[in-house]
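**Student:** Listed here are the chains, written in short residue letters.
There are 4 protein chains.
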Amino acid sequence: MVNLNFKTDRPLDLIAVGRLAVDLNTEQINCPMEETRSFTKYVGGSPANIAIGAAQLGLKCGFIGKVSDDQMGRFIVRFLEEKKMDTSGVVVDKTGAVTGLAFTEIKSPNDCSILMYRDNVADLKLETSEVSEDYIKKTRALLISGTALAASPSREAVFLALEYARKHDAVVFFDLDYRPYTWTSDKETAIYYNLAAEKCDVIIGTREEFDMMEQFEKEKKTDRETAGKWFGHHAEIVVIKHGSKGSITYTKDGHSYTGGIFRTKVLKTFGAGDSYASAFIYGLMNGWEISRAMEYGSASAAIVISRHSCSEAMPTKAELDKFVKTAERIDT
Amino acid sequence: MVNLNFKTDRPLDLIAVGRLAVDLNTEQINCPMEETRSFTKYVGGSPANIAIGAAQLGLKCGFIGKVSDDQMGRFIVRFLEEKKMDTSGVVVDKTGAVTGLAFTEIKSPNDCSILMYRDNVADLKLETSEVSEDYIKKTRALLISGTALAASPSREAVFLALEYARKHDAVVFFDLDYRPYTWTSDKETAIYYNLAAEKCDVIIGTREEFDMMEQFEKEKKTDRETAGKWFGHHAEIVVIKHGSKGSITYTKDGHSYTGGIFRTKVLKTFGAGDSYASAFIYGLMNGWEISRAMEYGSASAAIVISRHSCSEAMPTKAELDKFVKTAERIDT
Amino acid sequence: MVNLNFKTDRPLDLIAVGRLAVDLNTEQINCPMEETRSFTKYVGGSPANIAIGAAQLGLKCGFIGKVSDDQMGRFIVRFLEEKKMDTSGVVVDKTGAVTGLAFTEIKSPNDCSILMYRDNVADLKLETSEVSEDYIKKTRALLISGTALAASPSREAVFLALEYARKHDAVVFFDLDYRPYTWTSDKETAIYYNLAAEKCDVIIGTREEFDMMEQFEKEKKTDRETAGKWFGHHAEIVVIKHGSKGSITYTKDGHSYTGGIFRTKVLKTFGAGDSYASAFIYGLMNGWEISRAMEYGSASAAIVISRHSCSEAMPTKAELDKFVKTAERIDT
Amino acid sequence: MVNLNFKTDRPLDLIAVGRLAVDLNTEQINCPMEETRSFTKYVGGSPANIAIGAAQLGLKCGFIGKVSDDQMGRFIVRFLEEKKMDTSGVVVDKTGAVTGLAFTEIKSPNDCSILMYRDNVADLKLETSEVSEDYIKKTRALLISGTALAASPSREAVFLALEYARKHDAVVFFDLDYRPYTWTSDKETAIYYNLAAEKCDVIIGTREEFDMMEQFEKEKKTDRETAGKWFGHHAEIVVIKHGSKGSITYTKDGHSYTGGIFRTKVLKTFGAGDSYASAFIYGLMNGWEISRAMEYGSASAAIVISRHSCSEAMPTKAELDKFVKTAERIDT
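Protein chains in written order, with full-length UniProt numbering: chain A, 1 to 332; chain B, 1 to 332; chain C, 1 to 332; chain D, 1 to 332.
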């Protein structure tokens, strides 16, 4: 049984905090980037994608983040507004920072890579003074994402958002989203991931991400031990993903749930995690059983990886319900 | 009653972590620095002073810190060894960092100031890889000091030391030691002070330091409310200092204790807090009642502020016992 | 009469030094970037464009520069090689630098702007040790571009290239190419532009660029006075551009030449200066009269601004000759 | 014959530009710094010492430099004023920079070393906007010192001062004063030393300093070749120092002069070069023959290395004249 206590009397369901970026997705697939000629522009960034996905399913979503004071920044805000998200917590950088870019390369459905532009990015310049306690009081849940912990002042802004969320009983989701290129050392990474995870209710990550967080431990932990460690802090739910082998969800009451995947035509692998998270969170916030929320997450991922973008590819509730009914499940 | 559970079977009583520095104390007192001509060199830095003071009283003390690879760094290590401290946790910087300097100016006993050299200092370059779990396992208590949280990688090293101390049941003392010039913003300061304080057993600071930590709260807290907040985390004892009006100590069981001060001939005010902490910790680690430990702290402070240096001025147990017996108490 | 003494016995005609970058040109024209959806990728950067343009006309061109160790860097080198340029002086960055990007926005033919990504770019990381005296000995002329002076170590690499060029009697062209966003202050800019210009034979820039270089002078100079100043150093030719009003070329012997422009269908204004320089240099290196070289420059510019890219749009000799014969001249 | 054309109608004889610092000279000599206990504070920095030495001999000296906004900075300005120097060109930093420190260690008269504090120093923050053309117009000569070229914005400020000096016919002295610890690479060093030296009338340095400047040459130069290279630019006099083997001065007319040294009781070697330069410049500015100016330089050096400080040790004209008459010359 899930023991997440979502407050009911709040104007927003979910506020995500962190990265707002731009994806430049290759228009020439099955081709190395040296030979591609053109790119299509989409809103990107893991917490942005998750919030967009959740908004697409019907949750009332807000965002706390920072965008560049240029065409890229304005493009992002405009897209969030088109998706009916509340952007009152999105501030505009005034220091000349740029929007982070992710150029995608699709050599084959299983050989995808990303070329990142992450120097002087606006999203990491979010400051504590730009995190509003009154705004966080308005939401039933907060979503944080690990990349926002990678540098000051964004790092401190996230810890302050966590503080306010705990103070006002917003449920906190932590999507680990570990991107090594953003960090200076893996030890520093582990320190801040752990400090943040201690304050979260639901932690979602890959086995490799949890391993990174446990690097100071002398012995390797099993999935169950890892989950148990976080139940000793504030976690109620821990999701550990094992790539194509599926994922396993642990709850504080001792249960665990194994998730399957759906058959789909893979165009690229980007966006699988974000779409999973958006639909899983949607399920939990609607009081569903863990298994059903997990299935909804898998279905959303199956849809997104068959499409060209991440953010624009997020399915509506109707699309997702139809997919769950008709798609073929695969044993993992 | 004090509920600190000091393990008994460990080779070290206290390991301090953080700043090792050099004080350059003016030889011309009651004179502005523009006119002074010469300086005497002493080991300095708040956690260094506290550990030296505790060692002087008979505790077995170690240190985790980093010194410059030059004459200043070697001078520091040598002095700690003369004081019978264990320096196996002190590493030597290899990046060209310097030892932090504090030039003192004594215009009058009550008009003292410090000119700091804190750019590119070795102490803030302590890394997580230089914090040994096995070393921390050997100590009954750990002392951290706020300045070591001011910058990476020292900041992460302190959080790792805290993690190990909690894992191995070492009692953790936190001397707030807030020096604004070391920090980039007071909001950043508060975030990390709070994250660290949540993991400590004994927190010692001035009212102003606690106020700084509470800057995100909408309402100002009383001393008792401040202490209560930390008892909600891991603290057992909270000491709040009010300058010349004395200090007040709160314990988790609801009691509070007011400390007095001794009459002394003040040469300068530097070192009062460090000497207080060293003797107070000594008392607690010997199982004394709070009031007696506080009185011992005050006596040590009274001695140190009458002398020229901080570190070399730390009294022995014999000196301190004699002072407590003979010195005059002042009502505050 | 032009008094440039091009050595005749060398394997290369022109080596350019400086920026190798990528242009991402909008595919939706007459539209703000907030609304554009896709971009086409081209090689860019002023000295790259000039060298490509000169190679396209038949000069044997080399390049001294630095590219990122990723798909963007490899794309650039490949393109230079397709244009038959010698890339033995192009080194690959190993520090994680990126390729500079220029996103273009074409709101109307006369309202074009560029969104730059210039943080941590490979081109500014060129080092003195990567500038080969033996390589510069092989060329009849060297082209430097102001942006490469914007930061260390590229700045020093350019000064060293200048030193070698002077030592080995290569004629030095300086295309001022002042881009304020790359520099920290306009005073710093002027200092280094002046130090470099003192060592050059041909200086090409806009009136605004020359004004920037004269900011320490108490009185504003006329074009003739500006040219005269540089003739007092090493210059033989100074070209001062006045935008749509055409340009004026001064030679050390006291003559001046006014250049006209051609009627063309303007798609965007980018690339006008680079194409002008490439054809003008081509003319000078073939011993043409100043006026003819200027006309060739104008013709090349007229062609490039009617096309979508800069680098790929550079005309061949056949195209250019045909254009000069058939196009309509406009009085300025 | 010396062909330096000193203007006669100017209120100042010499303006030095660059480093104003503090020396902390050990009070315990023949002792490693790990064991010394105290330091005396003096004004220091090569161009400061030279200007102070010249002022002490009677030249009217000014200074262009930047000091910290603290007791150290005020101490420096006060001392210059006591020495009757014009300090109207000395500006006070407002960014929190510190005064550079040099702690001296004298293990023996021939085993001296310096521990430098050069992070975030005020002297390197001098900006072009703080260099006044009107001020430089007032002086007969300008002295620059290599260390001021080590970083921006001081580097550009020196180039601007050079520009103004050349424009207003002030004779320019360049004391190479190469301190490796201040620079990031020796190639960068050589680039800027060469760019500056090309604009100077008198260049004074050690053989090692000239070697550093010639690192891009394929063959090692003799002293005469080195001097000849600079005579091809603007130099009239080149002084090449060979340590205890004395120095040799070349003039553009083809002559050279060998300098001897005086017997003295060496306390430490610091300050020899600065005192030499101050008296040598004094001689040149008074129209003395090269040999006499060199002898005066050697005498000043002999006096200063027998004394505890550099700046305060600079002899008066009376002291120096007496020393020259009575001291014993040594063959080198």
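It should be emphasised that the hints constitute simulated quantities derived from the structure, not laboratory data. Be a bit skeptical, because a hint or two may be false.
Since the list gives no way to pick one copy over another, a pair counts as held whenever it fits inside one copy or between any two copies.
[Unchecked claim] Capping the alpha-carbon separation at 27 Å, the derived lysine-lysine pairs in DSS-like fashion look like this:
| id | residue 1 | residue 2 |
| --- | --- | --- |
| 1 | Lys-218 | Lys-317 |
| 2 | Lys-220 | Lys-137 |
| 3 | Lys-221 | Lys-245 |
| 4 | Lys-138 | Lys-317 |
| 5 | Lys-245 | Lys-84 |
| 6 | Lys-107 | Lys-60 |
| 7 | Lys-218 | Lys-265 |
| 8 | Lys-245 | Lys-167 |
| 9 | Lys-265 | Lys-7 |
| 10 | Lys-138 | Lys-167 |
**Student:** Confirm or reject each hint.
**Tutor:** Against the structure, the hints:
1. Lys-218 / Lys-317: Classified as neither; 45 Å inside a copy, 40 Å across copies.
2. Lys-220 / Lys-137: Classified as between; 20 Å across copies, 38 Å inside a copy.
3. Lys-221 / Lys-245: within (19 Å within a copy, 52 Å between copies)
4. Lys-138 / Lys-317: within (24 Å within a copy, 57 Å between copies)
5. Lys-245 / Lys-84: neither (35 Å within a copy, 50 Å between copies)
6. Lys-107 / Lys-60: neither (37 Å within a copy, 35 Å between copies)
7. Lys-218 / Lys-265: neither (42 Å within a copy, 53 Å between copies)
8. Lys-245 / Lys-167: Close neither inside one copy (37 Å) nor across copies (33 Å); limit 27 Å.
9. Lys-265 / Lys-7: neither (39 Å within a copy, 61 Å between copies)
10. Lys-138 / Lys-167: Answer is within; shortest intra-copy Cα gap is 12 Å, inter-copy 37 Å.
The earlier numbered hints that this structure contradicts are 1, 5, 6, 7, 8 and 9.
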